[in-house]
Amino acid sequence: MVDINQKRPAFGSAQADLRTEPRLIRAVIIVMAVVFLTIFVVLPLAMVFAQAFAKGVSTYVAALADPEAMSAIRLTLLVAAISVGLNLVFGLFAAWAVAKFDFAGKTFLISLIDLPFSVSPVISGLVFVLLFGAQGYWGPWLQNHHVHVLFALPGITLATVFVTFPFVARALIPLMQQQGSQEEEAAISLGASGLQTFFRVTLPNIKWGVLYGVLLCNARAMGEFGAVSVVSGHIRGQTNTLPLLVEILYNEYQFVASFAIASLLAMLALITLVAKTVLERHLDEGQRAGD
Amino acid sequence: MIEVSNLVKKFGAFAALDGVDLKVADGELLALLGPSGSGKTTLLRIIAGLDWPDSGDLSFNGENALSRGAGERQVGFVFQHYALFRHMTVFENVAFGLRVQPRAIRKDETSIRARVKELLDLVQLDWLSDRYPSQLSGGQRQRIALARALAIEPRILLLDEPFGALDAKVRKELRQWLRSLHHEISVTSIFVTHDQEEALEVANRVVVMDKGRIEQIGTPDEVYDHPATAFVHGFIGESIMLPVEVCDNFLRLGDQPLRLAADGAALGKSRLFIRRHDVQIGPAGSGALTGAVRQVRTLGAVQRAQIALLGCDIVIEVDAPRDRELRPGDHIGLQPRRYRIFAAQD
Chain A
1 MVDINQKRPA FGSAQADLRT EPRLIRAVII VMAVVFLTIF VVLPLAMVFA QAFAKGVSTY
61 VAALADPEAM SAIRLTLLVA AISVGLNLVF GLFAAWAVAK FDFAGKTFLI SLIDLPFSVS
121 PVISGLVFVL LFGAQGYWGP WLQNHHVHVL FALPGITLAT VFVTFPFVAR ALIPLMQQQG
181 SQEEEAAISL GASGLQTFFR VTLPNIKWGV LYGVLLCNAR AMGEFGAVSV VSGHIRGQTN
241 TLPLLVEILY NEYQFVASFA IASLLAMLAL ITLVAKTVLE RHLDEGQRAG D
Chain B
292 MIEVSNLVKK FGAFAALDGV DLKVADGELL ALLGPSGSGK TTLLRIIAGL DWPDSGDLSF
352 NGENALSRGA GERQVGFVFQ HYALFRHMTV FENVAFGLRV QPRAIRKDET SIRARVKELL
412 DLVQLDWLSD RYPSQLSGGQ RQRIALARAL AIEPRILLLD EPFGALDAKV RKELRQWLRS
472 LHHEISVTSI FVTHDQEEAL EVANRVVVMD KGRIEQIGTP DEVYDHPATA FVHGFIGESI
532 MLPVEVCDNF LRLGDQPLRL AADGAALGKS RLFIRRHDVQ IGPAGSGALT GAVRQVRTLG
592 AVQRAQIALL GCDIVIEVDA PRDRELRPGD HIGLQPRRYR IFAAQD
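As you go down the protein sequences, you meet chains A and B in turn. For the first sequence, the numbering used here begins at 1 and goes up steadily by one. For the second sequence, the numbering used here begins at 292 and goes up steadily by one.
Keep in mind the hints are simulated off the structure, nothing from the lab. Keep in mind the model is a prediction, meaning the values are calculated, not measured. Among the clues, some could well be false.
[To be verified] Distance condition first, Cα-Cα at most 20 Å in a straight line; then the derived EDC-like pairs of lysine to aspartate or glutamate:
| # | chain 1 | residue 1 | chain 2 | residue 2 |
| --- | --- | --- | --- | --- |
| 1 | B | K398 | B | D342 |
| 2 | B | K460 | B | E488 |
| 3 | A | K207 | B | E363 |
| 4 | B | K301 | B | D317 |
| 5 | A | K100 | B | D342 |
| 6 | B | K301 | A | D102 |
[As the list claims (entries may be wrong)] Label-pair distances were calculated between CB atoms; the ranges are:
| # | chain 1 | residue 1 | chain 2 | residue 2 | range |
| --- | --- | --- | --- | --- | --- |
| 7 | B | G620 | A | T20 | 35 to 45 Å |
| 8 | A | L109 | B | K502 | 29 to 39 Å |
| 9 | A | A104 | B | S358 | 53 to 63 Å |
[To be verified] So, partial list: chain B residues that the calculated Cβ filter (under 10 Å) puts toward chain A:
| # | residue |
| --- | --- |
| 10 | R364 |
| 11 | Q371 |
| 12 | H372 |
| 13 | A436 |
| 14 | A556 |
| 15 | P574 |
| 16 | L601 |
| 17 | R613 |
| 18 | L617 |
| 19 | D621 |
Positions of the beta carbon are idealized from the N, C-alpha and C atoms, including for glycine.
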């Protein structure tokens with residue numbers, strides 16, 4: 001205290017705000033951040049919408065109403081619904097196991113959950129080609145039984161599930177670890193069954209975390225390009241998801257249609273962003289209530 | 292009656308419980324007292340069904356309890372950090388145990404409401420029923436946790452460090468309140484504590500534990516006045532410990548003989564325990580020990596003197612009444628009114 005006062009004798013006592021940098025430096029840093037974000041985030045996003053509406057609203061609507069576009073929208077929604085559903089169940093189990101129990105290989109399991117984050121999506125797709133492709137391990141057997149995995153819905157879904165499976169588990173593990181298992185123990189000693197404990201105690205405590213994980217998982221599932229691109233086969237009107245369709249249309253110089261589809265994904269991103277902010281606020285409040 | 296026999300529980304190489312036998316009679320208020328790591332909480336959790344022993348038996352009224360899960364034992368458990376359900380109101384917290392009962396025996400909504408109200412009245416917090424746990428003080432949370440545990444009409448009430456997380460004043464109030472509550476509802480209760488004062492004040496019987504074993508079981512007076520082992524003497528009440536040697540019916544501290552009877556203690560290296568307040572202070576040369584006063588502090592009703600014993604390098608602390616005049620530098624004689632001799636630790 002004495003030191004501070006001696007170094008800054010000119011400023012009375014109220015100014016003792018140690019965070020204060022000289023105004024100029026503050027301004028420079030803020031301007032740099034804003035310029036950077038404008039160039040790399042805001043401008044591209046604005047360009048997507050500008051291009052999409054370049055030839056008027058009717059062209060935009062027509063591009064979306066195109067049968068190929070509608071098929072891509074349906075497929076994307078279906079794949080996202082299945083993958084998010086599967087990963088929700090998987091994420092809950094994994095987070096539960098990691099947070100509430102100690103077992104051999106726990107660290108290994110956590111690393112395994114993170115694997116899809118560190119593997120290039122193209123590799124993730126290729127893995128499935130190796131497994132299910134015509135020259136792959138199970139390919140011939142599947143072909144003989146008329147089961148289509150690659151270049152069909154199952155393959156696209158598998159690739160998407162693989163790429164997005166860390167989201168729910170990752171959102172829940174720290175939350176559940178921090179909450180511990182005392183509330184569950186209390187519920188059980190009060191006579192609650194395992195299911196009652198889960199639905200009445202565990203789930204309400206982690207619901208915002210679950211939603212948070214589902215949100216991010218969904219955004220990634222709908223937006224996934226690399227892994228899906230490898231397994232989809234790009235069959236028009238059948239196995240193209242929205243991101244794949246954007247690329248195809250763009251390569252065919254159909255810029256308006258391409259950006260119209262892209263604008264859907266951009267809107268998904270914006271909605272996700274808003275929802276994420278809201279959820280994060282709830283998560284913070286939940287944490288504080290627990291203290 | 293709860294009967295624990297030869298319980299063993301290991302966490303890796305660490306033996307949390309190392310052969311524990313205990314009988315708890317109906318209606319008792321029992322304290323498990325010991326330092327941290329002594330196994331007292333593990334014992335409590337095993338009785339509750341939240342942990343399982345490696346070997347040994349546990350029975351309630353002669354029935355094997357280990358074959359039943361926590362939910363079937365009718366045991367109320369109060370957690371150290373309360374573990375209230377944070378997303379439920381106080382009312383719903385207390386009602387939880389009633390709402391999760393199997394449909395066949397579940398009470399209707401009106402009876403549940405009446406029962407919860409009764410319990411909230413019992414813990415004198417009826418006015419908080421719509422609040423959430425985060426809006427309560429520590430003492431209030433503790434009492435709600437107790438009400439929640441009592442809702443299932445437990446045969447046994449278990450409390451893990453019930454006052455551990457509270458400040459000193461609230462702690463004192465709650466101790467007395469718990470005693471009178473036990474008097475009122477007289478459910479068999481076991482609580483864990485590391486605070487000897489708490490154990491002696493609240494419990495009817497005290498179980499002193501150390502390193503996974505029971506050192507002594509007795510009433511508060513018994514464990515205080517007749518400690519069975521050196522550990523108990525050192526842990527309960529504040530003691531002076533002197534390394535002595537027992538020779539033919541007299542004691543020696545260093546080279547000096549002490550004028551204290553050996554009371555039939557075994558020959559050889561031993562430890563002499565004296566309570567701080569069990570020392571009579573007289574003029575120099577009057578007692579078994581002689582020392583020089585180094586420092587005197589006043590602690591409420593007593594004064595605590597640091598005394599360097601003459602002829603050896605030992606400094607002890609003695610509690611004396613405040614009207615006994617003591618000044619640094621005074622030479623005084625010290626005579627233990629009561630003392631105990633235990634064999635030296637290996």
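For the pair we were handed, B:K301 and B:D317, check the Cα-Cα distance against 20 Å.
Violated, at roughly 29 Å.
Status of the B:Q371 interface restraint (C-beta, 10 Å, chain A):
holds (9 Å)
Below or equal to 20 Å on CA atoms is what counts here, so check B:K301 against A:D102.
holds (15 Å)
Hint says 29 to 39 Å; check whether the CB-CB distance for A:L109 and B:K502 agrees.
holds (35 Å)
Would the hint linking A:K100 and B:D342 be met if the CA-CA limit is 20 Å?
holds (14 Å)
Just to be careful: measuring from the Cβ of B:P574 to every Cβ in chain A, is the smallest value less than 10 Å?
Because about 52 Å separates B:P574 from the closest Cβ in chain A, which is outside the 10 Å limit, the hint is violated.
Would you settle whether the hint for B:H372 is holds or violated, based on the nearest Cβ-Cβ distance to chain A being less than 10 Å?
holds (7 Å)
Mind checking the hinted window 53 to 63 Å against the Cβ distance between A:A104 and B:S358?
violated (28 Å)
Interface hint compliance - B:A556 to chain A, C-beta minimum distance less than 10 Å
Interface hint status for B:A556: violated (47 Å vs cutoff 10 Å).
Interface hint status, B:L601 versus chain A (Cβ within 10 Å):
violated (47 Å)
Measuring from the C-beta of B:R364 to each C-beta in chain A, is the shortest one below 10 Å?
Since chain A brings a Cβ to about 8 Å from B:R364, closer than 10 Å, the hint holds.
Decide if the proposed pair is consistent with the structure: B:K460 and B:E488, CA atoms, cutoff 20 Å inclusive.
holds (14 Å)
Checked against the numbered hints above, the structure breaks hints 1, 3, 4, 7, 9, 14, 15, 16, 17, 18 and 19 and satisfies the rest.
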